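**Student:** Sequence:
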Amino acid sequence: MATTFELSQGTWQERLDYIVAMMREMSQERDPQRMVQAYVSRVRRLLPGERWLAFSRRGLEAPHYRITRSSIWTQPINPWKEQHKLPVFDRGLLGKLMYAGRPQIITDLDIADDDPAAEHLEGLQSLMAIPHFEGGEALNMVVTGSSEPDAFDPERLPELFWLSNLFGRATHNLVLSDQLRAAYAAVDHELQVVADIQRSLLPRQLPRTPTLDLAADYQTSRRAGGDYYDFFEVPGGKLGMFLADASGHGTPATVMMAITHSIAHSYPGPPCPPGKMLVFLNDQLAARYTEDNDSFVTAFYGIYDPATHKLMFARAGHNPPRLRRRDGTMDELGSVGGLPLGISPGEQYSDTTCTLAPGDTLMLYTDGITEAENAKHEPFGVEGLDRVLGERSTTAADVVKSLRQALESFTGGLPADDDRTVVVARVTD
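Residue 270 in our numbering sits at position 270 of the sequence shown, with consecutive numbering throughout.
Just so you know, these hints were derived from the structure itself, not from any lab. It should be emphasised that the depicted structure is a prediction, and the values quoted were computed from it without experimental measurement. Note that CB positions come from ideal geometry on N, CA and C, so glycine has one too.
Label-pair distances were calculated between CB atoms; the ranges are:
#, residue 1, residue 2, range
1, Glu155, Arg24, 22 to 30 Å
2, Thr353, Ala375, 39 to 47 Å
3, Asp417, Arg15, 47 to 55 Å
4, Arg58, Leu206, 56 to 64 Å
5, Arg24, Gln125, 32 to 40 Å
6, Thr353, Ser177, 54 to 62 Å
7, Asp429, Ser344, 38 to 46 Å
8, Gly381, Ile197, 28 to 36 Å
9, Leu414, Glu383, 14 to 22 Å
Kindly generate the complete structure, drawing on both the sequences and the hints.
**Tutor:** Spelled out as structure tokens, the structure:
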């Protein structure tokens, strides 16, 4: 094994090969503690001196400093995870070096007997101190010591100062990256909990209604989303079908979705007719939740009567449903609509009634489907919905499955930019 002197005095090619190997080794590390250990073990062979230590004033008031690493320690301490084990001093040579904040070489070292860090400097005749800057201040410092006087060449100090600080920044960035990964993991866990809570608000199973075959699909663009669909029992054996889309994405939209769910289920009395239900939702949202922000909710609410096949509905800024008649013609329901929920208190929502027939297929959807884009930034559009509705399908579940496959093919598997929700209702005999 080569000695320290041989490496420091070797040819430029020998030193380059050694440093390349060191950089390759360090680049594979993801843990800052192991990277520092790998760096120190190699750099010590490039520099004169047999002792080294690192200390910091981060988070401390002058003249305090904290020793973070020392070659005399038999067991290394992780300064990022075991800070409570690190000794803190408030005077002595290291404190003077730390708060001077500049690179220095001491050629004839004289350590006072009462210096609190004397055990770390004992037997040294010379040392080189290199501060590490952050935010324009010297917050950390590395000291290399030798038992020989005049062991350090001042001509090399600028280069060593530069390289040492670059390593310090790399280490700091790795620490930040590690902290960021931990923060992301914590946030991801919380978002997963939010997503689980959100999905618990959706119907656990689809209702069974005479003359109506139902299917639904719900995809969020992130962990949790702002789309919401629901079903309500209405007197007379009727079924209420509700679909809403909260503005925005992610957690804020999810919160608004949960609020809408809560308000909808607190409606006094039977949830009918559709227009009155939307008036109630709008007034509650506008009065309590959306007045001081830009949030709003689009919604469609329809009530289906299985005895007559009639559908009464109202819209609040939501996309008109698509209707495929049994003869294959396409129709759009809802020329009458109102403002989205939560924008203007007192808004009124009109009811419209249409008659469905056996073989008709109704598709309720959110704009995350029609606005889904392919690689050419072309939208899926209502044309995409009509293509799916135009296919020969025997059940509502077949329509939902075909729509999902069509979206996957159209977008080329690109991640969704918005939540995608569809409810399909097929009228049976």
